[in-house]
Amino acid sequence: MSKKTLIPVGPYHPLQEEPELFKLYCDGEIVKDIKWETGYNHRSIEKLSESKTYEQVFFLVERICGICSTSHPFAFANAVEEIVGVEITNRAKYIRSIIAELERIHSHLLWVGLAGHFLGYNTVFMWAWKYREPILDLFEMITGNRNSYAMFRVGGVRRDIENSKIQTIQKILSECRKKNDLLTGAVMDDPVIHARTKGVGILTKQDVLDYCAVGPTARASGVAIDIRKDDPYAAYPLVNWKVITAEAGDVFAKAEVRLLEMYESFSIIEQCLEGLKKEKEGDITVRITEIPEGVGHGRAEAPRGEVFHFVVSDGSNSPARHKIRAPSYVNIATFRKSCIGQTIADATITLAAVDPCYCCTERMASVYDMSSGERIMNANELINLSSSKTSELKKQMDRK
Amino acid sequence: MALNLLYFFVFPGLLFVATAGALLSWFDRKITARVQFRKGPPLLQPFYDFFKLLLVKETILPKHGSPFIFLLAPVFAVFGATMAGVFILLPLFNISTGFKGDLIVIFYLLTIPSFSYITGSLASGNPLAAVGSSREMKLILSYELTFLLLIAAIIMKAGQKFDLNSVITIQQEGTPFIRSISGVLLFIVGIFCVQAKLALVPFDMPEAETEISEGIFIEYSGSAYAMIKLAKYIMFFVLPAFLVALLMGGFRLEGINILWAVLKIIGTVLLLTLIRNTNPRIKIKQAVSFFMIWMNLLAVIAIVLIVFGY
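Residue numbers (my numbering), protein chains in the order written: chain W, 542 to 941; chain Y, 330 to 639.
I should point out that these hints are in silico values taken from the structure, not numbers from a laboratory. Treat each hint with caution, since some may be false.
Taking lysine to any residue and the SDA-like style, the derived pairs with C-alpha atoms no more than 20 Å apart in a straight line are [stated by the list, open to error]:
no.	chain 1	residue 1	chain 2	residue 2
1	W	K671	Y	A362
2	W	K671	W	A736
3	W	K818	W	D771
4	Y	K467	W	K818
5	Y	K614	W	S715
6	Y	K467	Y	Q489
7	W	K545	W	K573
8	W	K564	Y	E538
Computed list of chain W residues with no C-beta within reach of chain Y, every gap over 12 Å [as the list claims (entries may be wrong)]:
no.	residue
9	E570
10	H658
11	N663
12	F666
13	K671
14	K706
15	T709
16	K719
17	R877
18	N921
19	K930
Distance windows between CB atoms, simulated [stated by the list, open to error]:
no.	chain 1	residue 1	chain 2	residue 2	range
20	W	K739	Y	A481	22 to 30 Å
21	Y	K392	W	R877	49 to 57 Å
22	Y	N333	W	K739	38 to 46 Å
23	Y	L332	W	D730	40 to 48 Å
24	Y	E387	W	Y566	54 to 62 Å
Note that the structure is a prediction, hence the values are computed from the model and not measured. Glycine is no exception: its CB is placed at the ideal position from the N, C-alpha and C atoms.
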């Protein structure tokens with residue numbers, strides 16, 4: 542049979558929370574070809590960023606992604622600080638790393654839960670999210686917010702972690718670590734999970750290099766890339782930790798890498814907390830009066846891989862150009878290698894295994910004619926369409 | 330005639346099995362919720378679900394399908410499940426003795442809901458439903474043989490009696506079948522068959538929410554979906570009851586034994602619930618080999634043990 546059935550995953554599908562469309566061309570249960578469409582979620586962050594001051598951009602980029610909401614400000618801070626050429630204080634470095642690593646723990650726990658849900662294992666889903674809760678409470682204690690922490694600014698952080706709080710934080714973390722042991726044991730030793738994830742969606746080392754995959758997706762295939770080691774920033778050179786890799790490249794290896802990475806994060810946080818005790822309290826920002834002309838590159842290791850921010854400054858108080866590349870942008874492309882030839886059941890968990898984040902990734906949308914493949918609308922026309930509709934709505938509201 | 334209608338529609342038929350099944354499905358959901366650190370639904374939630382679908386929600390028909398078959402299939406499912414329920418429960422409640430060979434009839438009736446789902450989903454013309462129904466077909470092919478072996482083993486154990494009533498009386502006069510090695514093996518086989526028949530995790534691939542978004546039921550809505558829910562409630566009571574009748578000596582409805590009867594059903598459902606909460610969904614290929622190789626092997630071993638009198 543040569544006729545292929547189109548199995549759509551999206552635009553709204555229980556597999557993933559965000560709007561995206563994967564077209565699986567299937568022969569029976571076997572996926573023969575895959576195409577994807579994103580662009581449902583374009584918010585013109587880069588353009589908006591050019592109209593805001595540097596301090597405001599932090600709040601904007603924090604809202605690119607709800608889960609890894611610190612990785613974007615982190616990369617942006619790195620970029621702007623490169624333009625200014627400033628070295629932040631050690632205390633600020635430690636605090637930045639603590640926030641980023643706490644975020645990695647909660648993001649990986651979230652993924653483990655979702656992966657369980659995608660496999661129909663809702664108990665893992667609920668347990669992982671339950672264990673994620675103390676981490677969010679910790680965030681609330683440290684930053685005042687459970688999500689979108691608003692901790693970063695050019696030259697440091699906004700809030701200090703008082704030394705009096707450190708003991709409480711350590712206590713909560715050690716409890717979380719115990720629960721993590723339980724979860725890791727449950728996932729790593731379950732024979733049925735092995736049967737479902739081992740040998741599924743294999744991405745070889747060469748594939749990873751070809752597609753420039755990043756983050757846990759690359760590390761699960763034995764490519765030890767991690768921005769925290771390769772291009773050290775914040776407190777990462779000051780503490781002891783190692784890059785977790787696995788060799789198999791399948792879904793199980795990706796889960797393994799994430800689960801073990803959480804332990805590294807726990808250890809980094811503990812060392813950072815010890816480091817905090819030695820630094821003077823309140824010494825968290827370097828005063829910066831002016832952003833000079835220049836370009837800055839900021840990289841940060843988000844839970845999903847490398848986040849890259851490129852900032853051009855013309856000496857004014859807002860960026861002249863701000864370019865963002867999120868990790869999912871490259872990781873999504875690996876689906877061509879990992880999904881084709883699998884069954885639908887395997888393909889869906891493979892789609893989820895790179896932990897794709899579409900709202901991070903989406904940058905531009907254009908409309909094509911389905912039959913001829915001709916481009917009907919480009920970005921400018923879409924923007925015009927949107928603004929004309931907005932003004933129309935405004936008129937209607939005025940009338941009322 | 331009137332008595333038969335009463336049997337079919339009220340007790341032990343539609344009204345009774347549906348109510349009991351709905352309550353059991355509440356129990357299943359509550360236990361699931363407690364296992365997952367959630368609070369769980371109130372006791373009447375299954376009824377709210379059903380009546381909301383039946384009375385409030387509109388039924389949307391697929392554009393490219395056969396609406397007649399699409400709407401008829403759930404009704405068939407309910408009738409098949411109820412018929413099976415009546416034939417199982419009449420001897421189980423000691424109302425009538427059934428007829429010779431009713432085990433075979435029950436075996437066929439229990440497959441009707443699954444076949445109705447397949448027919449209905451194929452009539453909807455949705456590609457995801459097609460994938461779901463092809464998975465359901467493969468699943469039926471894999472577990473039906475095991476289920477048949479289970480029933481064959483029971484018939485052998487009961488001394489070549491083909492009716493449920495004698496199977497139950499033999500156990501009540503002697504010991505329940507489950508108190509022997511072969512009985513335990515058959516119970517394991519039976520639990521997994523029931524799990525697959527109810528399409529619970531790990532055998533929920535025909536529905537597989539996160540893969541094919543409810544697969545076979547994707548196009549159903551409103552009262553048509555309410556019928557499917559009803560059939561599922563009924564099966565949720567009928568299949569555990571069948572297992573209790575086959576292996577655990579059925580019910581004895583006097584004094585303290587009523588409590589025992591209830592406990593047997595609840596215990597079986599609890600086992601099903603725990604299995605579904607401690608496993609991920611397996612692939613259809615794995616399910617086929619699981620039943621075709623391992624469960625069949627277990628059933629055959631049980632049959633051999635029965636021949637040698639264990």
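The hints, checked one at a time:
no. : hint                        : in the structure
1   : W:K671 x Y:A362             : 13 Å, holds
2   : W:K671 x W:A736             : 25 Å, violated
3   : W:K818 x W:D771             : 27 Å, violated
4   : Y:K467 x W:K818             : 63 Å, violated
5   : Y:K614 x W:S715             : 42 Å, violated
6   : Y:K467 x Y:Q489             : 31 Å, violated
7   : W:K545 x W:K573             : 8 Å, holds
8   : W:K564 x Y:E538             : 17 Å, holds
9   : E570                        : 7 Å, violated
10  : H658                        : 6 Å, violated
11  : N663                        : 6 Å, violated
12  : F666                        : 8 Å, violated
13  : K671                        : 5 Å, violated
14  : K706                        : 27 Å, holds
15  : T709                        : 24 Å, holds
16  : K719                        : 16 Å, holds
17  : R877                        : 20 Å, holds
18  : N921                        : 36 Å, holds
19  : K930                        : 29 Å, holds
20  : W:K739 x Y:A481: 22 to 30 Å : 36 Å, violated
21  : Y:K392 x W:R877: 49 to 57 Å : 33 Å, violated
22  : Y:N333 x W:K739: 38 to 46 Å : 55 Å, violated
23  : Y:L332 x W:D730: 40 to 48 Å : 56 Å, violated
24  : Y:E387 x W:Y566: 54 to 62 Å : 33 Å, violated
In the structure shown, a violation is registered for the earlier hints numbered 2, 3, 4, 5, 6, 9, 10, 11, 12, 13, 20, 21, 22, 23, 24, in ascending order.
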